[in-house]
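Visitor: Residue strings, one per chain:
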Amino acid sequence: MKATPIIGIEVHIELKTLSKMFCGCDASHFHAEPNTHTCPVCLGLPGALPVPNKKACEWCIKLGLALGCSINNDTFFERKNYFYPDLAKSYQITQLQKPFAVNGHLSIDGHDIRINRAHQEEDTGKSIHLNGETLLDFNRSGVPLVEIVSEPDINSPEEAKKYLIKIQQIVRYLGISDADIEKGSMRCEPTINIKIEDGDQTFYTPLVEIKNVASLTGVMTAIQFEIDRQISQFEDDKVVKSSANKTTRGWDADKQQTFLQREKEGSADYRYFPEPDIPPIEFTSEEVDAIKSTLPELPDQKIAKYLGLGLSTYDAGLLSDDASLAAAFEKSISLDSSADFAKFSANLFNGSIRTLLNESQEPVDLSKINPEHFQKLFTRKSDLSSTAIKQLIVESYQNGTDPLEFATKNNLFQVSDTGAIESLAKQVLADNPKAVEDYKKNPMSIGFLVGQLMRVSKGSANPVLAKEILEKLLAN
Amino acid sequence: MSTTTITDDVISKVAKLSRIDIPAEKVNQFASQIEPILKHFESLSKVNTDGVVPTYQTTGLHTVLREDVIDTTRMFSQSQALSNSPKSSNGYFVTSATIKK
Amino acid sequence: MLTDKSITQLATGLRSGEFTSIDLVNECYDNIEKYNSQINSFVTIVPREVALKQAQEVGSKLKVEGSSLLVGIPYVLKDCFNTTGIKTTAASKVLGNYVAPYNATIYQKLIEAGAILIGKMNMDAWGHGGSTENTDFGVTKNPWDTTRVAGGSGGGPASAVAARMAVFAVGEDTGGSIRNPAGWTNTTGLKVTYGRVSRYGAIAYASSFDTVGPVAKSAEDCAVILETIAGVDKYDATSSPTPVPKYSKLLDKNLSEITIGIPKEFYGEGLDPEIKSSVLSVSTELEKAGAKIKEISMPLFDLCLPVYYLIAPSETSSNLARYDSVRYGLNRQNFTDETIRRILIGTYALSAGYYDAYYKKAQQVRTLFIEEYNKALSQCDILLQPIMPNNPPKFGELLSDPLQNLLADIYTVSQNPVGVPSLALPCGFSSSGLPIGAQIVGKMFSEELLLSIGNEFQKITNYHTQKPNL
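Chain order of the listed sequences is Y, L and D.
For the first sequence, the working numbering puts the final residue at 476, and the numbers step up evenly by one.
For the second sequence, the working numbering puts the final residue at 101, and the numbers step up evenly by one.
For the third sequence, the working numbering puts the final residue at 470, and the numbers step up evenly by one.
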């Protein structure tokens, strides 16, 4: 029996606009006192009316473009009607028939995941269930969301995670959302079923939508759990997918399992109809092109560029992970595009600079990246130990200090004068006859002699040269 | 146009969708009142609407959008927001428990 | 009576010192004390002291150059507008003791204009009805015959103006709610072009039909009120940026420039003969003054009923869903039967499997109505139509048969889906002394034309000056 998972994911991205989707309330809500960012519109008071946020619409289109979607020039909002206490109007204003963006795709390790749509909608308030009651906070009610729906092209938990990471990266690159899964500014709902091939028969298990996954690891674990559960359930009851048996299961992170939440009222009749309070929306091709021109270089494009510079896939991936770090890297090599220099700088970014930033918990400050300093360091790199280079770049970033001046002042330059090293080497060999004997038996023990030479040179000898010269002398 | 009879069952289902509890004894009353009304509307089905685009708005307006600025003049204080709530506590609206979505 | 004067006359008198706003406010409240218990126009009467205090402060406002004609004028609002500090009920128990924390845009405009609000008025709850009987606050009686309905859904505002309990009112018209009671109480009411006046803060019935408009003793008064409340509103995306003319300065019309269209289908079977003759007499009067008459055909005619009664309940079923007693109000079980019926019809028309046949179909026929009105109005400047097929019935007659109740709206439910404006004018009385009204309908944003023709008509007739014998 062969079992192939079929996974589609719905992602909701909370946009970080200043104001809400349909009113001018402050859209920030994390840690705000409950019900302090509301108005007649987002509180659903009688007589209130929605007016759409232009920037939110532009950002939805921008995200659609970044996902390779076609943009519908003419769209309109619709009402999705259902009752829930945190849905103030008892309908959500969303897009159904005409989303802003359709038919996009994302490539994950060469596998194309099709994106059905990216549309605009509004968020609900927050419910807290406590002691048999529900507490409601409408600060989040009306915050703009973009919903991205993939086709069921994803075929493993790992691929699902990569898909989500990529979306997260793109969204952060665009600067339209923090896309933080733990904080709820990015939410993921996978829908899974399994294709089971048994001999010459093929079966599909019923669809299951998983809610309440609050981390990337959680997504992977939940999907894997569900895959295993569905296979075993099918072996039990042989029930196949139908239009009426889609269910919703919640992910319990404590118990590490999914549990049945409710039958997907696939029969939940939302009675969608076009929103009469909001005139239809037109973005002309020129306006869409203008938005397209504001797209930054996206992660995949950066990776390709870095590979072109001669960086490894690993280095390229690491550098492009964060838009501001990538920008800093590019600034650092702006005076020289040779592969060696790129590799040199990449190592610094992926090493000591990243460590520094992690320690300080601060994002990289582009103004502190001095391309001349990087270049100078590169030209004298053979005269400096790797430790010294790391120290110098940190000095340059934190204090703007010229690395060569600092190296000179602090005696960091290594001696590469072969004559000088040779005389020290002869000294060391003379002083360490036993080590010389050891070397003759075991050439790998050269390290001790190199260390001695470094010591007598007070660390200033170029260790590579030191070793070469010692070996040459010992060979005689 | 559908010629579904408006049965009590239909009324019950629609009432549920509308979150209105209709007492059993009234379900039939509504069914018998609504049925002739919907039957009367079947005259619409005789109108040829092939290729006719539905009108959802008569304004003729489009792309009415607002700039992304915070409008403090309309924002409520917490007490204003809660001022009409039947039940509130510590700044929250309170309602009896609901199923997790 | 001061309250018999027009707004312009009152504005002049207030400024000349002939009388004060205090006098005017007191007269209104005296009339309220005398008549409201018989008529029941009010849901909430603003306390007299509160109104008098505002009247006292009017003096300085009157002196301001270019101050609004509405300074110091007492008025009432249909109880569907959000007003801070004063309860808003939509005439339904479901809103409980809701006191709005914000003002409807038109209320804000009237405050700024210096008008004095003295009451929130009875109506058919949520706009659902044509007789102000579907209310949780007792029926409103017709001042002309208190055994009969005043009309609806704005029976409260219209009856208050008729009985001189207020100088003017602002109401909402979704399918006749201003025009129907205007016709039955001998007052003048204007259903504006959709989008002419902001709906922000007006409790929604059918979002794509709802209009906010004036009810007063004359077209001239309506013009003064309209120029104050009309205009685009950044809080209402459906409000029109079309500039607002100074309607009160544009009330003269050379009637020989006008062609009046008489759509024959509106004068067929089912229309009371006295009403028919009164309504048609409007064209005769205007013709004497030079207007031309043209018979035209509007064959879609009674299909307006399913168009209206599928779309409006659909939109209302969604608009009323927010009343879940969490953030305000009481339980949904408190909706009246009439409201429940409309919610059920609307939910059904939108539901899966029925959407195309009902809601979508109705919106398609709506498009055909727009085309029909455009065609009709290309052949003439205004259309003359009756408002109601019968005189105001006795209580309970309309409510007893929901289908008949609905059919009675036949003349007033085509204009809202199309969006065109219509002015309701008194045009006669039945042999039993009951008021008869007519409506003149124009193209989108033709309020200036309608009001000027209405004004000319009211110069040559005096139906609108008649008062009920209370």
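Simulated from the structure, these hints should not be mistaken for lab results.
As the structure is a prediction and not an experimental result, all values here were calculated from the model.
We put the beta carbon where it would ideally sit given N, CA and C, even for glycine.
Keep in mind that the hints are not guaranteed to be accurate.
[As the list claims (entries may be wrong)] Per the computed footprint, the stretches of chain L lying under chain D, defined by three or more beta-carbons under 8 Å from a beta-carbon of chain D, are:
{"id": "1", "segment": "30 to 37"}
{"id": "2", "segment": "56 to 69"}
[Said to hold, decoys possible] Calculated pairs, BS3-like style, for lysine-lysine (alpha carbon to alpha carbon, straight line, at most 30 Å):
{"id": "3", "chain 1": "Y", "residue 1": "K238", "chain 2": "Y", "residue 2": "K80"}
{"id": "4", "chain 1": "Y", "residue 1": "K54", "chain 2": "D", "residue 2": "K360"}
{"id": "5", "chain 1": "L", "residue 1": "K87", "chain 2": "Y", "residue 2": "K80"}
{"id": "6", "chain 1": "D", "residue 1": "K93", "chain 2": "D", "residue 2": "K34"}
{"id": "7", "chain 1": "L", "residue 1": "K13", "chain 2": "Y", "residue 2": "K126"}
{"id": "8", "chain 1": "D", "residue 1": "K5", "chain 2": "Y", "residue 2": "K246"}
{"id": "9", "chain 1": "L", "residue 1": "K26", "chain 2": "D", "residue 2": "K93"}
{"id": "10", "chain 1": "L", "residue 1": "K39", "chain 2": "Y", "residue 2": "K241"}
{"id": "11", "chain 1": "Y", "residue 1": "K183", "chain 2": "L", "residue 2": "K87"}
{"id": "12", "chain 1": "Y", "residue 1": "K80", "chain 2": "D", "residue 2": "K93"}
{"id": "13", "chain 1": "Y", "residue 1": "K16", "chain 2": "Y", "residue 2": "K161"}
{"id": "14", "chain 1": "D", "residue 1": "K360", "chain 2": "D", "residue 2": "K375"}
{"id": "15", "chain 1": "D", "residue 1": "K443", "chain 2": "D", "residue 2": "K294"}
{"id": "16", "chain 1": "D", "residue 1": "K93", "chain 2": "L", "residue 2": "K13"}
{"id": "17", "chain 1": "Y", "residue 1": "K126", "chain 2": "D", "residue 2": "K93"}
{"id": "18", "chain 1": "Y", "residue 1": "K54", "chain 2": "Y", "residue 2": "K166"}
{"id": "19", "chain 1": "D", "residue 1": "K234", "chain 2": "Y", "residue 2": "K80"}
{"id": "20", "chain 1": "Y", "residue 1": "K440", "chain 2": "Y", "residue 2": "K472"}
{"id": "21", "chain 1": "Y", "residue 1": "K16", "chain 2": "Y", "residue 2": "K2"}
{"id": "22", "chain 1": "Y", "residue 1": "K434", "chain 2": "Y", "residue 2": "K409"}
{"id": "23", "chain 1": "L", "residue 1": "K87", "chain 2": "D", "residue 2": "K375"}
{"id": "24", "chain 1": "Y", "residue 1": "K246", "chain 2": "L", "residue 2": "K13"}
{"id": "25", "chain 1": "D", "residue 1": "K34", "chain 2": "D", "residue 2": "K394"}
{"id": "26", "chain 1": "Y", "residue 1": "K376", "chain 2": "Y", "residue 2": "K458"}
{"id": "27", "chain 1": "D", "residue 1": "K288", "chain 2": "D", "residue 2": "K234"}
{"id": "28", "chain 1": "Y", "residue 1": "K126", "chain 2": "D", "residue 2": "K264"}
{"id": "29", "chain 1": "D", "residue 1": "K467", "chain 2": "D", "residue 2": "K288"}
{"id": "30", "chain 1": "L", "residue 1": "K26", "chain 2": "Y", "residue 2": "K80"}
{"id": "31", "chain 1": "D", "residue 1": "K459", "chain 2": "Y", "residue 2": "K16"}
{"id": "32", "chain 1": "D", "residue 1": "K394", "chain 2": "Y", "residue 2": "K55"}
{"id": "33", "chain 1": "L", "residue 1": "K26", "chain 2": "Y", "residue 2": "K241"}
{"id": "34", "chain 1": "L", "residue 1": "K39", "chain 2": "D", "residue 2": "K360"}
{"id": "35", "chain 1": "D", "residue 1": "K467", "chain 2": "L", "residue 2": "K39"}
{"id": "36", "chain 1": "L", "residue 1": "K26", "chain 2": "Y", "residue 2": "K126"}
{"id": "37", "chain 1": "D", "residue 1": "K375", "chain 2": "Y", "residue 2": "K126"}
{"id": "38", "chain 1": "Y", "residue 1": "K98", "chain 2": "L", "residue 2": "K26"}
{"id": "39", "chain 1": "D", "residue 1": "K288", "chain 2": "D", "residue 2": "K459"}
{"id": "40", "chain 1": "D", "residue 1": "K93", "chain 2": "D", "residue 2": "K61"}
Visitor: Against the 30 Å threshold, does the CA-CA distance of K376(Y) and K458(Y) hold or violate the hint?
Guide: Distance of about 24 Å is within 30 Å: holds.
Visitor: For the pair supplied as a hint, K39(L) and K241(Y), confirm whether the alpha-carbon distance does not exceed 30 Å.
Guide: violated, 38 Å
Visitor: Does K93(D) lie within 30 Å of K126(Y) when you go C-alpha to C-alpha?
Guide: The given pair, whose Cα atoms are some 28 Å apart, holds under the 30 Å limit.
Visitor: Run the distance test for K39(L) versus K360(D): straight-line Cα separation, threshold 30 Å.
Guide: Distance ~17 Å between K39(L) and K360(D) Cα, so the pair holds.
Visitor: Going straight from one Cα to the other, do K183(Y) and K87(L) come out at no more than 30 Å?
Guide: The given pair, whose Cα atoms are some 28 Å apart, holds under the 30 Å limit.
Visitor: Given the hint that K80(Y) pairs with K93(D), does the C-alpha gap stay at or below 30 Å?
Guide: holds, 27 Å
Visitor: For the pair supplied as a hint, K375(D) and K126(Y), is the alpha-carbon distance within the 30 Å limit?
Guide: Violated, at roughly 51 Å.
Visitor: Take a quick look at whether K34(D) and K394(D) sit within 30 Å of each other, Cα to Cα.
Guide: holds, 23 Å
Visitor: K467(D) and K39(L): Cα distance at most 30 Å?
Guide: The given pair, whose Cα atoms are some 42 Å apart, is violated under the 30 Å limit.
Visitor: Holds or violated: K467(D) and K288(D), Cα atoms, limit 30 Å.
Guide: holds, 26 Å
Visitor: Hint check: K54(Y) vs K166(Y), CA-CA at most 30 Å. Holds or violated?
Guide: It holds: about 26 Å lies between the C-alpha atoms, which stays within 30 Å.
Visitor: Under the criterion that the straight-line Cα-Cα distance not exceed 30 Å, is the pair K93(D), K13(L) satisfied?
Guide: holds, 25 Å
Hints 3, 8, 10, 21, 22, 23, 27, 28, 31, 32, 33, 35, 36, 37, 38 and 40 from the list above are not met by this structure, while the remaining hints are.
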